[in-house]
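Student: Sequence:
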Amino acid sequence: MMKGFLSIAALLVASASGLWAQQPVDFQVAFDKPAGKISPHMWGIFFEDINMGADGGIYAELVKNRSFEFDEPWMGWKRLTKAPEGTLLIVNDSKRKGNARSLRVHNPDGLKLGLQNEGFRGMGIRKGETYEFSLLYNPLEAGLRIHVELLNEEDKVIGSATMALSEAEGWQSAKAELVASETSAKGKLNVWIEGKGTSSFDMISLFPKETWKNRPKGLRKDMVQLLADMKPGFLRFPGGCIVEGRDLATRFQWKKTVGPIEQRELIINRWNTEFKHRLTPDYFQTFGLGFYEYFQLAEDIGAEPVPILNCGMACQFNTGEVAPMDELEPYIQDALDLIAFANGSTATTWGKLRAEMGHPEPFHLKMLGVGNENWGPQYIERLEAFKKVLKEKHPEIDIIASSGTDPEGERFAYLDGELRSMGIDIIDEHYYRPPAWFLSSAARYDDYDRSGPKVFAGEYASHTTRPNGPGRSTWEAALSEAAFLTGLERNADVVTMASYAPLFGHVDGWQWSPDLIWVDNLNVYGTPSYHVQKLYSRNKGTDIIPIQRNGRPVTGQDSLYASAVYDEGQKQLIIKFVNYNSEPVQANFNVLAKRKWKGEATKITLANADLQVSNSLEEPLKIQPVEQQVNYKGKSVVETFAPYSFTVIKLTL
Numbered sequence: 001m002m003k004g005f006l007s008i009a010a011l012l013v014a015s016a017s018g019l020w021a022q023q024p025v026d027f028q029v030a031f032d033k034p035a036g037k038i039s040p041h042m043w044g045i046f047f048e049d050i051n052m053g054a055d056g057g058i059y060a061e062l063v064k065n066r067s068f069e070f071d072e073p074w075m076g077w078k079r080l081t082k083a084p085e086g087t088l089l090i091v092n093d094s095k096r097k098g099n100a101r102s103l104r105v106h107n108p109d110g111l112k113l114g115l116q117n118e119g120f121r122g123m124g125i126r127k128g129e130t131y132e133f134s135l136l137y138n139p140l141e142a143g144l145r146i147h148v149e150l151l152n153e154e155d156k157v158i159g160s161a162t163m164a165l166s167e168a169e170g171w172q173s174a175k176a177e178l179v180a181s182e183t184s185a186k187g188k189l190n191v192w193i194e195g196k197g198t199s200s201f202d203m204i205s206l207f208p209k210e211t212w213k214n215r216p217k218g219l220r221k222d223m224v225q226l227l228a229d230m231k232p233g234f235l236r237f238p239g240g241c242i243v244e245g246r247d248l249a250t251r252f253q254w255k256k257t258v259g260p261i262e263q264r265e266l267i268i269n270r271w272n273t274e275f276k277h278r279l280t281p282d283y284f285q286t287f288g289l290g291f292y293e294y295f296q297l298a299e300d301i302g303a304e305p306v307p308i309l310n311c312g313m314a315c316q317f318n319t320g321e322v323a324p325m326d327e328l329e330p331y332i333q334d335a336l337d338l339i340a341f342a343n344g345s346t347a348t349t350w351g352k353l354r355a356e357m358g359h360p361e362p363f364h365l366k367m368l369g370v371g372n373e374n375w376g377p378q379y380i381e382r383l384e385a386f387k388k389v390l391k392e393k394h395p396e397i398d399i400i401a402s403s404g405t406d407p408e409g410e411r412f413a414y415l416d417g418e419l420r421s422m423g424i425d426i427i428d429e430h431y432y433r434p435p436a437w438f439l440s441s442a443a444r445y446d447d448y449d450r451s452g453p454k455v456f457a458g459e460y461a462s463h464t465t466r467p468n469g470p471g472r473s474t475w476e477a478a479l480s481e482a483a484f485l486t487g488l489e490r491n492a493d494v495v496t497m498a499s500y501a502p503l504f505g506h507v508d509g510w511q512w513s514p515d516l517i518w519v520d521n522l523n524v525y526g527t528p529s530y531h532v533q534k535l536y537s538r539n540k541g542t543d544i545i546p547i548q549r550n551g552r553p554v555t556g557q558d559s560l561y562a563s564a565v566y567d568e569g570q571k572q573l574i575i576k577f578v579n580y581n582s583e584p585v586q587a588n589f590n591v592l593a594k595r596k597w598k599g600e601a602t603k604i605t606l607a608n609a610d611l612q613v614s615n616s617l618e619e620p621l622k623i624q625p626v627e628q629q630v631n632y633k634g635k636s637v638v639e640t641f642a643p644y645s646f647t648v649i650k651l652t653l
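Under my numbering, the first residue of the sequence shown is numbered 1, with each subsequent residue one higher.
These are calculated hints, taken from the structure and not from any lab test. Quick caveat, the model's predicted, so the values are computed rather than measured. Certain hints may be false.
Each pair of labels, with its calculated beta carbon distance range [unchecked claim]:
(1) 247 - 85: 36 to 46 Å
(2) 413 - 436: 37 to 47 Å
(3) 80 - 249: 28 to 38 Å
(4) 345 - 37: 49 to 59 Å
(5) 209 - 95: 27 to 37 Å
(6) 129 - 436: 43 to 53 Å
(7) 84 - 345: 31 to 41 Å
Using N, Cα and C, we set each Cβ at its ideal position, and we do this for glycine too.
Given only the sequences and the hints, what does the whole structure look like? Please build it.
Tutor: Here you go:
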């Protein structure tokens with residue numbers, strides 16, 4: 001941690017030594033001439049279950065394939081003891097909604113039977129923490145009991161518990177608590193079945209008791225905390241390409257992700273075999289993190305919910321399947337029912353389900369995405385069908401539409417024109433590009449139509465090389481993003497939302513990089529890009545304040561970038577400044593304001609002279625913000641900015 005502080009401190013000292021080596025660069029800040037309002041949900045979060053972001057990630061379940069529903073029912077499990085044929089059977093009962101399979105144990109001779117679950121690249125277990133083991137069981141012939149053990153990497157038992165099973169008929173639940181005596185990053189779970197009898201078992205589960213807000217079977221609190229710390233304006237979910245599916249049969253269907261967890265219908269994750277160099281055959285979506293939990297998470301962290309639904313098209317990079325236009329009604333009905341689930345009264349079918357799940361009050365949904373990275377006339381045709389119905393029945397809901405996969409080119413130009421012609425509310429633009437693109441695109445929205453649709457910068461990330469592996473979200477990438485975001489902020493009257501993507505990457509189970517936040521089974525850290533996004537989202541302001549150099553916006557002249565906002569609630573002028581040079585830069589900001597302002601200010605700096613450095617599990621805070629209290633005299637802010645730095649200055653007026 002100290003290295004991070006020392007490196008930035010050294011840069012600041014170096015900056016001071018060159019203070020008079022150049023004439024200050026002059027900027028004019030037109031405080032009394034605001035250029036527009038900023039959306040209260042401007043900076044947000046894009047969540048997709050990629051890189052083990054949900055199962056094996058933020059969803060705190062430690063048991064892999066808990067309901068034996070993977071394509072290979074025994075995946076994640078191994079048998080610890082030999083037993084006669086027929087003692088352990090996977091039974092497929094079609095009468096059980098959403099979760100047909102269960103494990104049938106027939107043990108008339110009282111043999112000791114053992115199963116072991118490997119978890120998601122192991123199980124992260126912390127010393128002193130309590131873990132809740134639970135299962136569903138149906139005692140056909142009473143007499144069995146359960147003994148469970150937590151194991152470390154060396155197969156040493158570091159926690160255990162025993163539970164009796166009721167003799168009552170029918171499916172029922174049981175649970176027991178275990179306290180870990182050691183920490184293990186790659187732990188395992190043993191389940192011993194003892195006694196004489198026959199029973200069916202399902203939903204064999206292990207969760208830490210200490211989850212986000214201590215909700216039973218909830219979310220991993222350290223991962224959610226990093227999201228809450230950003231103070232995001234919105235949460236987009238559930239993706240991403242998983243919305244589309246490789247084909248329509250494996251598309252994301254929100255209705256299968258709500259209701260009792262044991263009835264939710266698991267599907268294969270489309271990132272399971274997407275990349276040959278990162279095959280992940282054990283990657284499925286159990287939907288313990290479903291649409292109800294997404295809405296709940298958004299509410300928890302103060303973010304607007306932004307769900308994205310399938311528009312009747314599978315991923316066009318895969319099968320490109322489409323639903324016929326005369327069979328599109330169920331897809332549109334899914335959208336109407338989702339609005340009812342989120343906002344409807346408890347007298348409605350879907351509002352009643354929301355209440356039964358624990359949230360009688362509405363979630364106040366205001367925006368809905370139709371399609372993800374879809375393109376072509378086939379998309380426009382289906383989008384128009386959605387728009388017609390949604391605007392007739394729910395004019396209060398803004399529709400977000402895709403502009404495809406790229407920020408320019410023939411495909412983008414076609415979609416942009418069509419979406420503007422049909423008067424869509426918000427256009428979702430995506431850009432995965434090298435740092436040079438971000439640096440050269442800070443003026444991208446300066447000439448956009450102010451009276452047309454708003455823009456959602458729905459997925460963006462600066463890629464140095466890809467895939468470049470865990471932790472390689474470099475300072476070069478983050479600083480180029482910081483420069484580009486000054487352009488989004490300056491044009492916040494057009495750009496209403498923005499989010500980096502993807503959000504999470506598991507160091508042992510990633511498919512795509514770079515990512516905003518990296519985790520293993522016990523730890524989590526933010527990349528330099530995370531700290532850039534966080535500085536924007538925590539300092540977003542309410543009004544755009546023009547900042548210019550020689551009468552022009554600051555969009556990269558001499559590799560300098562700047563934007564300014566006013567925060568009405570905090571009564572603060574906030575200046576964001578990027579110095580993309582290898583030398584310090586002196587600047588003079590002439591604040592044109594009638595009102596008086598105090599000299600005291602807060603200066604927050606992200607900087608490093610080496611563009612190739614990044615944070616890591618070993619050095620999670622190598623690049624982190626350094627905050628200083630400073631004082632400026634008169635009507636000008638005179639400051640020196642470190643080489644390769646992103647700085648936020650907050651002045652109270």
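Student: Work down the list of hints and note, for each, if the structure agrees.
Tutor: Structure-based check of each hint:
{"no.": "1", "hint": "247 - 85: 36 to 46 Å", "result": "holds (37 Å)"}
{"no.": "2", "hint": "413 - 436: 37 to 47 Å", "result": "violated (22 Å)"}
{"no.": "3", "hint": "80 - 249: 28 to 38 Å", "result": "holds (36 Å)"}
{"no.": "4", "hint": "345 - 37: 49 to 59 Å", "result": "violated (32 Å)"}
{"no.": "5", "hint": "209 - 95: 27 to 37 Å", "result": "holds (33 Å)"}
{"no.": "6", "hint": "129 - 436: 43 to 53 Å", "result": "holds (46 Å)"}
{"no.": "7", "hint": "84 - 345: 31 to 41 Å", "result": "violated (57 Å)"}
Checked against the numbered hints listed earlier, the structure breaks hints 2, 4, 7; every other hint is satisfied.
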